[in-house]
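So the protein lines, in turn, are chains A and B.
Read in the working numbering, the first sequence has 1498 at position 446, and its numbers run on one by one without any break.
Read in the working numbering, the second sequence has 1538 at position 486, and its numbers run on one by one without any break.
Keep in mind the hints are simulated off the structure, nothing from the lab.
Keep in mind that a hint or two might mislead.
Pairs count within a copy or across copies, as identical chains cannot be separated in the list.
[Stated by the list, open to error] The calculated BS3-like cross-link candidates involving lysine-lysine, where the alpha carbons are at most 30 Å apart (straight line), are: (1) Lys1532 <-> Lys1544; (2) Lys1360 <-> Lys1517; (3) Lys1534 <-> Lys1092; (4) Lys1532 <-> Lys1132; (5) Lys1089 <-> Lys1491; (6) Lys1307 <-> Lys1140; (7) Lys1132 <-> Lys1142; (8) Lys1465 <-> Lys1112; (9) Lys1432 <-> Lys1413; (10) Lys1544 <-> Lys1140; (11) Lys1140 <-> Lys1154; (12) Lys1307 <-> Lys1154; (13) Lys1142 <-> Lys1314.
Keep in mind that this is a model prediction, so the values were computed, not measured.
Number of protein chains: 2
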Amino acid sequence: MELKIKNLKIKTGRTLIALMNSSDARELDLHSMDRIKITKKNRTETVILDITQDSKILKKGEIIVFEEVRKLMNLRNNDKVSITMARKPKSLDYIKRKLDGKKLNKEQIEQIIWDIGHNKLNDIEMTYFTAACYANFLDDEETIHLINAMTNEGDILKVNSKKVIDKHCIGGVAGNRTSMLVVPILAAAGLKIPKTSSRSITSPAGTADTMEVLCNVTISLNKMKTIVEKANGCLVWGGALNLAPTDDKIIHIEKPLSIDAKSQLLASIISKKLSVSSTHILIDIPWGEGSKIEKRKDALALKKSFEKLSRKLGVVIKVILTDGRNPIGKGIGPALEARDVLWVLENHPNQPIDLREKGIKLAGHMLEMAGKAKKGEGEKKARAILDSKKAYKKMIEIIKLQGAKITDPDKIKVSKYKKEIVAYKTGKIVGIDNQMTCKVARFAGAPENPGTGVFFIKKVGERVKEGEVIYEIYAGSNSKLKNVEEAIDQRKIYKIK
Amino acid sequence: MELKIKNLKIKTGRTLIALMNSSDARELDLHSMDRIKITKKNRTETVILDITQDSKILKKGEIIVFEEVRKLMNLRNNDKVSITMARKPKSLDYIKRKLDGKKLNKEQIEQIIWDIGHNKLNDIEMTYFTAACYANFLDDEETIHLINAMTNEGDILKVNSKKVIDKHCIGGVAGNRTSMLVVPILAAAGLKIPKTSSRSITSPAGTADTMEVLCNVTISLNKMKTIVEKANGCLVWGGALNLAPTDDKIIHIEKPLSIDAKSQLLASIISKKLSVSSTHILIDIPWGEGSKIEKRKDALALKKSFEKLSRKLGVVIKVILTDGRNPIGKGIGPALEARDVLWVLENHPNQPIDLREKGIKLAGHMLEMAGKAKKGEGEKKARAILDSKKAYKKMIEIIKLQGAKITDPDKIKVSKYKKEIVAYKTGKIVGIDNQMTCKVARFAGAPENPGTGVFFIKKVGERVKEGEVIYEIYAGSNSKLKNVEEAIDQRKIYKIK
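Start from the sequences, fold in the hints, and give me the full structure.
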């Protein structure tokens, strides 16, 4: 059947979809969610069919394509295309197989990931896949296939080095901007560390948001390669690169039920690392009350899962459990966190000691993993690199290579709408709540407005007097400042005993 | 936040969705798939949020609502509405619970079905529900709750009688239009049988398509009530009524993977029957090679599931296994099947004996179930009603009440584009393939073009000579006839030995 293209110029967000008039669809005996082949000259693409009975939207003889299809096939309004029925993708059989509790082989997992990567599955079909992986689990072998398939579906950064080091933190701790310390320390030690990071989704700042205060983070893969060749390391936004791109699509599907199939969590993290050719990966699992993982046994179980994969994937994965109960650093929000990082690198009197020490700890482990320090001597070496300002200089080099905006922490702009919050009683600070801190910082405007957030004057372990300033809020406007003030119950943020 | 309505006039098909500009969404800290409350004066509705970054589609300060939301809230372009964040529906927790393999209680299942019924869940969320029910099964108690929740979510036809009888066939057999015999026989016997049927989805004709050749089948619930009060029975299209409406939504979600969770199959069938107040239900399970259920043990397992529910639901359910290997009747396609039915009711010499006998068999069981015949004497009574033309007269009465089109089988129009197919060898016909028959009839134009399809001259058990006409194809046009001829391999339809 020959139909005339009508471009809708609306994105579906993911799936390749075309819309046919119900009368045309009946003629070809096609139903909603069937697959059709659209052919224009020599180019053929299989897309998912949707059907409308509304002739105001679509007349007989016309076919609407959504933006993703238009772009892929370079279609113009009134282009004539031929439509034929296509088979359902084989991956649907494999997804059904997993939902039936059976095991998938390498080719089957590769086909599913290829179809997701090429927008050949719709939301319903992808959901069956995540549901099947969640309800029926993937075993180690299947997880390895998933990791490799997800890695190979995207671009790969080739690094001219036998050892490529990387780190990942499971998250859940406010502040905690250790990557921005670890990268310059290790790069200064001569190790290749092509770091990609994410932007914030539900936190007040991601590493990419924070680094963006200092320099550009939207960098092409080629540029990234050049920077790593010159400076050994970089700190770029992963979202701008086509690295393990199916991960984002799967995460989108997992969101409504906050599903976290372990196999997909592992695959998500490791495939991103493999796609930048990492050979040595440190995983930081913060745990404890108020953190993402509250119980030690859950943190240990996750550690074990990573370690099991390590052996089978042929890469070195080391997992450490860290204290996740309280925020790390003084500033919360992109600019305030960037300032903390530069203070630590400069060895500035204002520097947050907890962030400095955690950075040294992680870098120490990584130096040992990569053979740059003897067992037990990594931290010492990391501290020396930091103290000598070599890491600071390396960071300035990286910032300049990525397109510097600011290198002086005192020039980082924070919002002028500031409010000091005082202690509600006299005593010792025994805890600062991660989630409440995030809430306040986001409410104040972070990460959208980079100069907003929270700044801790007093931290856990310190003694305070009633009425003494314990933290500051930087909001995007006077009205936001008022709203935050009214909304917060500071007893829920600071625990004073 | 106050926003200005922009109606898109496009249906989502199911879910209530509104689209916000990414900058407005960020201000309220909202993400894709979050829930928002839209308030216009005193009317508030919770809908699912989608976010666009394309300011060509949606400017800051505007909100797009899809057609379902516009209609529900009676919104006009430029209406000012207030937007606030809403909680995620509780049913998402319950769906997660089932996906985790836990049991759901009555209230939890009711909440899920209410949310599906009110378009509060999107495709991803509904898929998690069907996947959870499929992978982790619903036990008998959960299935009962599901059936009741699905029934109560829609309208209920109240019938002024203690006994209301109904039947359902699992399908998979071409022709097999027994409802159109059973309804007039039982109604003539004084039993209430308010029959709703579906249209064809993948077959050449559903009962609703076939009945529509003779009269109107799109009937309101009130009109249906009046007809059943007058004539004891009716044969209407269920799709036009709001009976157990969540069923269609769940079926849509099950389609891509052809999932048939047993609990949902049972709930789908029984909730439709309970919504017309049925007290006595006969289930026909055709089985055998080439049928939907090929193995006797699978047919028996399904029979057992129905019978178990019967006791717990307080309705009488009887299940019979029938021969599903071959088509039943001579005509395949709406008009040809309608003609078969009238021929049987008229006791016409052309009548297909297999259809007549199957109708009598089912009606016999139902007469016994409802206490209108002693055990073992149902068929005799059904045959007498049929032979006496009482069933014929009853059918004419029902056709007239529904708005008659045709009552004389000889006036039913079949397509003039006809082709006779001859036997490819001499021998005995040992089988006619259901699926191939359906394919040919649909290819010829059924059910879209009601006068098209297949007509069997010779049936299973008969001896034929090579070159003798064994069946006819009625197509929608000369070109369709040619296409069908070229496409069919008659050895795949008729098995001659």
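Query raised in the report: When the hints from earlier in the document are held up against this structure, which numbers fail?
Result: As far as the earlier hints go, only 2 is violated by this structure.
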